[in-house]
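Trainee: Spelled out, the chains give:
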Amino acid sequence: MKLPRELVLYAVLIAIVAVLPLFGAYPVFVMKVMCYALFACAFNLLIGFTGLLSFGHAAFLGVAAYAAGHALKVWGAPTELGLLFGVVAGAVLGVVMGALAIRRSGIYFSMITLALAQMLYFFFLQAGFTGGEDGLQSVPRGTLLGLVDLTSDITLYYVVLAIFILSFLLIFRTVHSPFGQVLKAIRENEARATSLGYDTARFKLLAFVLSAALAGLAGATKTLVLGFATLSDAHWSTSGLVILMVLVGGMGTMLGPILGAFIIVALENKVGDIGMFLGRVTGIEWFNGLGEAVTVVIGLIFVVCVMAFRRGIVGELGAWWAHRQSARTSAAA
Amino acid sequence: MTELFGIPLSALLSQLLLGLVNGSFYAMLSLGLAVIFGLLNVINFAHGALYMMGAIFAWMGLTYFGINYWVMLIVAPLVVGLFGVIIERLLLRHLYKLDHLYGLLLTFGLTLLIEGFFRSFYGVSGLPYQVPEVLEGATNLGFMIMPNYRGWVVLASLVVCLGTWYVIERTKLGALLRAGTENAKLTEAFGVNVPLMVTLTYGFGVALAGFAGVLAAPILQVQPLMGSNLIIVVFAVVVIGGMGSILGSILTGLGLGVIEGFTKVFYPEASSTVVFLIMAIVLLIRPAGLFGKEK
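Residue numbers (this note's numbering), protein chains in the order written: chain F, 80 to 412; chain P, 865 to 1159.
Read the hints as simulated data drawn from the structure, not as lab findings.
Some hints here could point you the wrong way.
What the hints assert, rightly or not - Stretch-level coverage of chain F by chain P, calculated; a stretch enters the list once three of its residues show a Cβ under 8 Å from a Cβ in chain P: (1) 182-189; (2) 194-201; (3) 256-262.
We treat Cβ as the ideally placed atom computed from N, Cα and C, and that holds for glycine.
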């Protein structure tokens, strides 16, 4: 009985997102949320289902954003090949970074991924094809498969939605496959998984590359939507942001990263307004500048989540639901 | 003029000194990280932000209150250390029982919070801070001209690092600390107040970062983001050296600073990435780090 109810929930969510533009939602904003949601879901595959905290996921978003942008703008590649090139770039980088980082575990893994991503950031800063500080500007959207013209936001909206749904299905399938079960076993107790005969390094690398490729898809799609790729995509603060999205939504839940991505992206856009409002209400001058100090708000949410709210929104809801169910069954018995 | 590999020896030596200066900062910061990690099992991401606080406090002391460099060299680390004690008591303490990654996430959030806070007041442009009068100018050593302040930075950090090494490896207090690192529960059973020791250790490690910040104020740009790029390099240093040994941290820090300095001479494009490259190579050859022990 459990699966159909979940299916209904997903179907309703997809339907809502599909009709959002008809109700005046700004398509580019929703597309941006979907890109970050995909990025967060890819990240969650590692932290939530394999127990690896990568602090360098911005590298995959960034490398794919530049790769796709370069292919579309300089080589004039068709849209689908541009996206594919971005995914491949993310995956290849994932193989290299993953192979190095899984040589250490725990906290060292996080530091290594962070350092490697920073190295890539400096590379992008100096390399000619990225446009340095200016970034890669005015990337054309082109036509999908030579048939569908993507210059209209609405057309692109449904393409991005399709990309997101397919990727989400892939993640869903991965998590619920025997492969996903092995990943969970590694998360719970790596030594035990090894003793059961699993080559855990291999599984971790595979999960890492899959996550990197999907993060790459998110980056490539983001370039397509916004028409530019900049250094901030590859900056360590972006790696921090995706961690926060997953933390807020709920690590190891299917829907948490999506909700988290929505909250954080919306917050980044709106925090200036909230600051102005607080400034007006409280009369404290400092709040008016909150828009420039988004990092203060982000940092504060980070601290609050880690201290008091580690399961995230979806995780807490799930726990509440499970508690209610068990209370009901024990009352009936 | 004497030359080495086609580069004037004096230029090479001055880059060596610059490298040693950077290496001193790496050494002080990675030492603090290692001491904290040893006892708390927390990687203190906020180390860079606290280093920045040290530098900004030095600037604030001089600008708002007219307190000179030498006083701030003592006061700023104390204030930063006190701030660290508050962080440990209020926040970090509650995370020890959980997965180590939460400590990293908390201190990452604190970094954003601290940096954002100072940024909302001072922006991102550098705040000017003068070299103290006594250390102005340069000394001719015969084979090179040494700016006095840079020489002082290397000397001061060496003294502090070796002092820390001496206290930890050769005194009773250090023995307790090492016992706590080895087995906290057993140490507590012997009547040592381990929670207090943990708090003070965090405060001390963080004060080291504050001290490094004050030392950096006259030669590097004092600005709210000065710590975050540095801390990532220091993470790479820590991975290269491994966190098992105090002397190892100091040597690795200084050594990598020098290598970075030489890279600036021979292949400037790679100077910002060379430390990360070395990290990748060390991971391939000796994953536990140069001075680390495989668990």
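Trainee: Take the hints in turn and mark each one as holding or not.
Mentor: Outcome of the hint check:
no., hint, result
1, 182-189, "holds (count 6)"
2, 194-201, "holds (count 5)"
3, 256-262, "violated (count 0)"
The structure shown violates just one earlier hint, number 3.
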